[in-house]
Structures are given as C-alpha cells and as structure tokens.
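Peer 1: One-letter residues, chain by chain:
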Amino acid sequence: MDFEDSPEEASYREDVRKWLQANAEPLKHGESAPTIEEHDSLDVIREAQVWQAKKYDAGWACLSWPKKFGGRDAKGMQSVIWRQEEKRFKVPPDVFQCSIGMAGPTLMAHGTEDQLNRWLPPIARGDELFCQLFSEPGAGSDLSAVRTRAKKEGSDWIVDGHKIWTSLAQFAHWGILVTRTDFDVPKHAGLTYFIVDLSSTGIEIRPVKQITGGETFNEVFLSGVRIPDANRIGEVGNGWRVTLTTLANERGQIATGAAGKISISGLIELASDLKDDKGPLIEQDGVKEKIADLFIQSRGLRYTSLRTLSALSRGKRAGAEGSIGKLGAAIMRQEMSAFAIELQGLAGAIDDSNVGMAESAWQAGYLFSPAARIAGGTDEIQRDIIAERVLGLPREPRVDKKLPFRELPVGR
Amino acid sequence: MNFEFSEAQQLMRQSAQRYLAGECPRSRMRESTARAEPFDRALWLGMAEMGWTGVTIPEEYGGLGLGHLEQAVIAEEIGRSLAPVPFSSSVYMATEAILLGGSDELKQKYLPGLASGELVGTFAFHESVDHSGWSNVKTTFSERGLSGEKKPVMDGDVADIAVVTCDVDGTRRLAVVNLHETNVERERLGALDLTRGLSSLSFSQTPAELLDDRAGLFDTLLDRGATLLAFEQIGGAEQCLHDARDYALNRYAFGRQIGSFQAIKHKLADQYVALELARSNAYYAIWTLISDAEEFPVAAAAAHISACKAHRQCAQESLHVHGGMGYTWEVDCHFFLRRAIVSGLLLGQVRHWKHSLVDKVVRGAH
Chain A
288 MDFEDSPEEA
298 SYREDVRKWL
308 QANAEPLKHG
318 ESAPTIEEHD
328 SLDVIREAQV
338 WQAKKYDAGW
348 ACLSWPKKFG
358 GRDAKGMQSV
368 IWRQEEKRFK
378 VPPDVFQCSI
388 GMAGPTLMAH
398 GTEDQLNRWL
408 PPIARGDELF
418 CQLFSEPGAG
428 SDLSAVRTRA
438 KKEGSDWIVD
448 GHKIWTSLAQ
458 FAHWGILVTR
468 TDFDVPKHAG
478 LTYFIVDLSS
488 TGIEIRPVKQ
498 ITGGETFNEV
508 FLSGVRIPDA
518 NRIGEVGNGW
528 RVTLTTLANE
538 RGQIATGAAG
548 KISISGLIEL
558 ASDLKDDKGP
568 LIEQDGVKEK
578 IADLFIQSRG
588 LRYTSLRTLS
598 ALSRGKRAGA
608 EGSIGKLGAA
618 IMRQEMSAFA
628 IELQGLAGAI
638 DDSNVGMAES
648 AWQAGYLFSP
658 AARIAGGTDE
668 IQRDIIAERV
678 LGLPREPRVD
688 KKLPFRELPV
698 GR
Chain B
3 MNFEFSEAQQ
13 LMRQSAQRYL
23 AGECPRSRMR
33 ESTARAEPFD
43 RALWLGMAEM
53 GWTGVTIPEE
63 YGGLGLGHLE
73 QAVIAEEIGR
83 SLAPVPFSSS
93 VYMATEAILL
103 GGSDELKQKY
113 LPGLASGELV
123 GTFAFHESVD
133 HSGWSNVKTT
143 FSERGLSGEK
153 KPVMDGDVAD
163 IAVVTCDVDG
173 TRRLAVVNLH
183 ETNVERERLG
193 ALDLTRGLSS
203 LSFSQTPAEL
213 LDDRAGLFDT
223 LLDRGATLLA
233 FEQIGGAEQC
243 LHDARDYALN
253 RYAFGRQIGS
263 FQAIKHKLAD
273 QYVALELARS
283 NAYYAIWTLI
293 SDAEEFPVAA
303 AAAHISACKA
313 HRQCAQESLH
323 VHGGMGYTWE
333 VDCHFFLRRA
343 IVSGLLLGQV
353 RHWKHSLVDK
363 VVRGAH
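Residue numbers (this note's numbering), protein chains in the order written: chain A, 288 to 699; chain B, 3 to 368.
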C-alpha cells in the first residue's frame, strides 16, 4: 500500500510540470482559475481553444486517445496526473469534455473511416466544439424514451424535436444527437445517432434560467432540421448502443472533487470566523460533531477516488464504484452548504457577495447543490447502478421493454 | 500509487478466510454464546497457532514480526466471523501497548505468551457506570501497587493480564497487571455483545508495572487501536451487507424477489457507500500508521468515526431487510447488531473522537 507516485508516475509528473511551467502561469494562493459559469462568453471559449491548440501542437492534448488520432496513448493514471497538475495553473476552463471525452471516443468505436477523418482532427485541436443533444423534457433518467423524430428523405434525414440541459450549445459547432427513427418497435430498438451541424436551418437555442439565476444550460429546438445521412453514426436503429458508448465515457470522466470555499476546509474556516453567545462556533461540541461527520465523508470520498485511480494505474477499468463518488459528493455538498448557512443565523439569509460571509459562496453553493444530485444520473439512478452492478440485485420489472414505443403510456 | 494490499497480504487473507470458514462456522459461535463464558479457547489457540495473535510482535518475542497491514487483513476477516475471542482487547490494545511502551524486561515477560495465545490481554480504562470521561481515573499506582476499580472491562472475564489506566501523582499513566495476583477481584457482568464477556476488575495494592511515561503514548495506543478496530468493523459491516443481499435475493413478496424493489436496493446501496467510505478512511489511516506520517492521529480518528457509522448502519439496516425473521433469536442479525453498537464503545464515546478530530484539524491548520 502506497499513496505516493511510483517512479514512472513521478517522472511523468515531472515532464507535465516542466511543460506547464514553461507555457502557463501558476495560480497564486487563494486564486482560482476562471470557470465557464463566471465567464459565459465567447472570449473564454476562444481562450480555451487557443490553449487546447497549444497543448495539441506540443503533444499534450486528448492524452488518453490513441497516438494515430493525435493523442498520447496515456494510461488512466497519466491523464489524472495531467489534470492534477493543470489545476495548479491559470488556464481556461475545460470546455472540451463533450468533444474529447465523449464525441471522440464514440466516433472511434462506431464511426466510419471518413467520419474519423472529418471530425477527430478538429476535435483534438479544439478547433470545433461539440455539445450533447441527449436529454429531453420527457426523457431524463429514462433517456431511451426520447421522442425527437428523424425521418429519412432522400439521402437526408429531417429532424424535429426538443432537447434540453445542453451546456455550451450557443458556442458549439456540432451536436451529438439521439433521435427516434422508428416508433413501431420497442423503445431501445428505434433509435439512431447523428452528428448535427448547429448552424443548420431550423435550430433554435434558448438559455434555461436556473434556480441560481444563472443560465449555463440551454434548450435546443429542432424543426425540420436537415442532416445528411453521412452524419449518421452507426446503423439505423442501433443508436442505443452508440449512446451507451457515449454515456460510459461520460461516467469515466472522474470528478476531481470539491474545491474553493465549498469544501471541508472552507467550512472549518467559516466556523472559526463565526461566533455566538457561547463564543466561536468551532469551539462548540455540536458544531464539531457535525463538522466531523462531514469530514469523514469528504475524506472518505477523496480516498475512494484515490483507490479508483490506483486500480486504474494498474490497468483496471473504472467500475460502477464511481457511482459512490457521484452520489456521496452531491449529497455531502448539499448537507455542507445547508449547515454553513445555518451556522450564520439570520445572516445566512444574505445573498450578496459584498456583504455576506465568504462572499455568499455558501448561499450560491446551496442553490447549486440540487443540480449535482440530478445531473449526470440522479441519486436514485446511482443507487440502482450500485445495487445492480456491484451488489448483483435484480432490475425492477420493466413494462416498457417489449411494447412498441408508440403504445407506451405517457403523462401529460 | 498503489492503494491495495500486496499479493502476499491477499494470500494471508485467503488463508484466514479458509481457516475461519472451517473452524468458526456460525453454529460454533452460537454454542459459545449459549455458555456463561462465551470465550472459545480452542479457537483462540488455533488462531494463535496461525500466528494471528502475534502478527506485529517481533520474532525474538515469538511473533511473526510482520507489520500492521498484515494485522489489518486478519482484523477484517475476524470481523466478518463474529468469532467469540478477545481479539481486539488482547491484540490491538494490550499487545500494542506493551510493544509501544514496555521495557525490554516487560516485553520478555508478556509478549511470548500473548503471541502463543497462552495469555489473553485486555485494556481497562473505564471506571464507573455513570462516568465515561477519559479524565475519570481514580485508580492509583504507587510503590504499594495498583488500587482501584475498573468497570466494565471488555473481556475482563477471561483476561490474564490487563493494561490499566492509572493515576501516578496526578499524571495519567498505563500499567500492566497480572490478573492472577491474589489481590485482584473480578465480577462477571451481563453483556450486550453476546460474543464477548464483560467484568469488573478491582485492585488493592496489586503488583503492577508501569509503561513508558513518554508523552503521547496513550494517544498513540488509542489511535492504533482505532485503526485496527476499524478494519474489524469493516469486515463485520460487509458481512451484514452480504447477508442482507442474499436474503433479499431469496425472499419473495408480491410475486418478486424483494431485492428487486428499489426501496430495498437503495437501502443496500446506501450501506455499500457507507462501507466503502469507511474502508477508504481505514486504508488511509493504516498507511499513515505504517509510514509514520504526521497526519496519523487525524486519519485514525476519521477511520474510527467512519467505521463506527458504517458498522452500525449495516447491522441495523441488514436486520431490517430480514423483516420479522431478523427480529428472531434464531437468525444471526442480532449478534451483528450487538457487536456493532458495542464496538463503537470500545474506545470511549465516538462523540469525543469527533471533538478531538476537529481540534486536531484546527490546530494543524494554524
């Protein structure tokens, strides 16, 4: 058992550091790198593209991709080392998660030679940005219930539907799109997967205003959008298999954990700054007990992700155990931010970065926390994954697997 | 980075699993617990024969001379088994105390017996039924010997020696006492955990030997005990989860396996999450122990708190999944339930561990 880098990992880390030091500016203490929530503008996207191209030209882009597609054949641990080190520098946010992390690997698994040649190079260099057109208002956890319709017309497909929860749609060149091409077969059998040009006629992108007041997601309306058959990925009716490849890669993107003020050290700092009639809150037993509960949760999650990494570094694949991190972290953040607000008494009602404690970061964190429990697989979906894939429990009986999609009951 | 046990350690685990499956089936545990004294001495000597009671004891004192990682592997397997033996008292506490603070003479005197299983040790710190503070140490030690009462003492009914907290001129120290001296009285107490005996121990001018007076000895002993106990608790918690899973696969209701209902699946998934977080905290703690890292006290406290939480959650919820059957004497759930709640008391109140965890983190930050 050893929590330190192996000699090869240490030398890889050294190489990564050298390149980063020569090409980027280290973050100062207390300074954080820009995020897309804060700077939802085209400029940030442009900066991210410039940074990506720089990495690509030096051979440090899409590390886990095969060399022949511009990657580095990096092992899981090497990608993690890169992320750990890059986090210490003032670099633009990663806006390529869908492009490099999802669209690229999906193309490699299911795309034709022409499709690989068309899309992989601009994805790798960051020249063309992808977004994900999967969820619909009526198809979230149950993604295979999508109703966006694609109908063949000559050598093109005509697409009509409504997608939602799409980050970066306003900046993206392409969307990975799941559609229904057959309503008369069971739901999983009637899907087809496309890549759609977001500048096509008939596409309308509207921001979704979220409970935080922010607008980091969009809904995308498609009406009569024409997609050439050459942009179809995989066979007609085989879209679910292609979709599963994308989703598996989405899950494989290991979260690097809470940072900044919404963290256990942020909470301890807050409790040290706050007082009541009995004195500093951090000195009070009840407060200590709650902080200790959150501390073991937070450390347990950190070391669990290290265990996953250690398995990766020895060549094992990330398993359903990743659901622990997703489930545990989301619930912990909500608990932690609610407790931080509670500790402030009525001052917790202030949501004003000029006046509030810790620039009202906990208030913002609390409002964001429900999203973490829903996005990327809800708490309930994560528990199902653990119960079925780790503990070997049976699936719930399904009423929707054999009936033609058209005959499935739907709500209003 | 390698966050797993080595191949040799895994082999040791497999041999422990084989041994316990053969020698300690639940039926044998039940026979023991039906007796007034649950201690299964034959099983204990068998474990000692395997080397388990002397894993961390150097070879010169009759042990295996291995490390705490190997000890943790054994602890986890013992936790799964509900073996009615005084393992935590003797191995994690008494043996570790003598290893940490015993003179060479004291080590010569006791370690070979502890390693061979001939001697059972325990840790006696709690003094009165209505006071559970660490500062409540009225037992004294002077040149006339050890005087006072410890109540209750885990495994005090069968222990041959005890490591005792005592007051020496206003300072808390640890002394080792041979419980077969004439002026030691013990009284058996009814025990919540049926797999382990409980007694009081009274001393009046009983001969005893002090351990080292080095600062931090007592805290280090607790932290080591907490770390090893955490592995035992993880083993117990995992067994509860597996039993509940197996029951949920075999029990049918409303025309389905109850394990196909989300209400049950999600309950078991939550147990799994608590268990894995506890395991990760314990892994980190044992690594900081063996590498003598500065963070060991914080990591040990986190491992203890986390293991107590997971152990109790898994025992309680596993019983619940068994429905009415879980509430019957003849199903084993209650043995796990009893052991889980009592394991959380072996090192004092978990609440106190939480207070000191935060104090240490805050001190470390400034």
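A few of these clues could be false.
[Stated by the list, open to error] With a straight-line Cα cutoff of 27 Å, these simulated DSSO-like cross-link-like pairs (lysine-lysine) come out:
hint, chain 1, residue 1, chain 2, residue 2
1, A, K562, B, K140
2, A, K565, B, K362
3, A, K374, A, K603
4, B, K269, A, K577
5, A, K689, A, K439
6, A, K305, A, K377
7, B, K362, A, K577
8, A, K688, B, K269
Derived from the structure by calculation, the hints contain no laboratory data.
Peer 1: Hints first: check each against the structure and report whether it holds.
Peer 2: Going down the list of hints, with the structure as the test:
1. A:K562 to B:K140: violated, 36 Å
2. A:K565 to B:K362: holds, 21 Å
3. A:K374 to A:K603: holds, 25 Å
4. B:K269 to A:K577: Holds, because 23 Å separates the two Cα atoms, which is no more than 27 Å.
5. A:K689 to A:K439: Given pair K689 (chain A), K439 (chain A) holds - Cα atoms ~25 Å apart, limit 27 Å.
6. A:K305 to A:K377: Distance of about 15 Å is within 27 Å: holds.
7. B:K362 to A:K577: Distance of about 15 Å is within 27 Å: holds.
8. A:K688 to B:K269: holds, 26 Å
In summary, the one numbered hint that this structure violates is 1.
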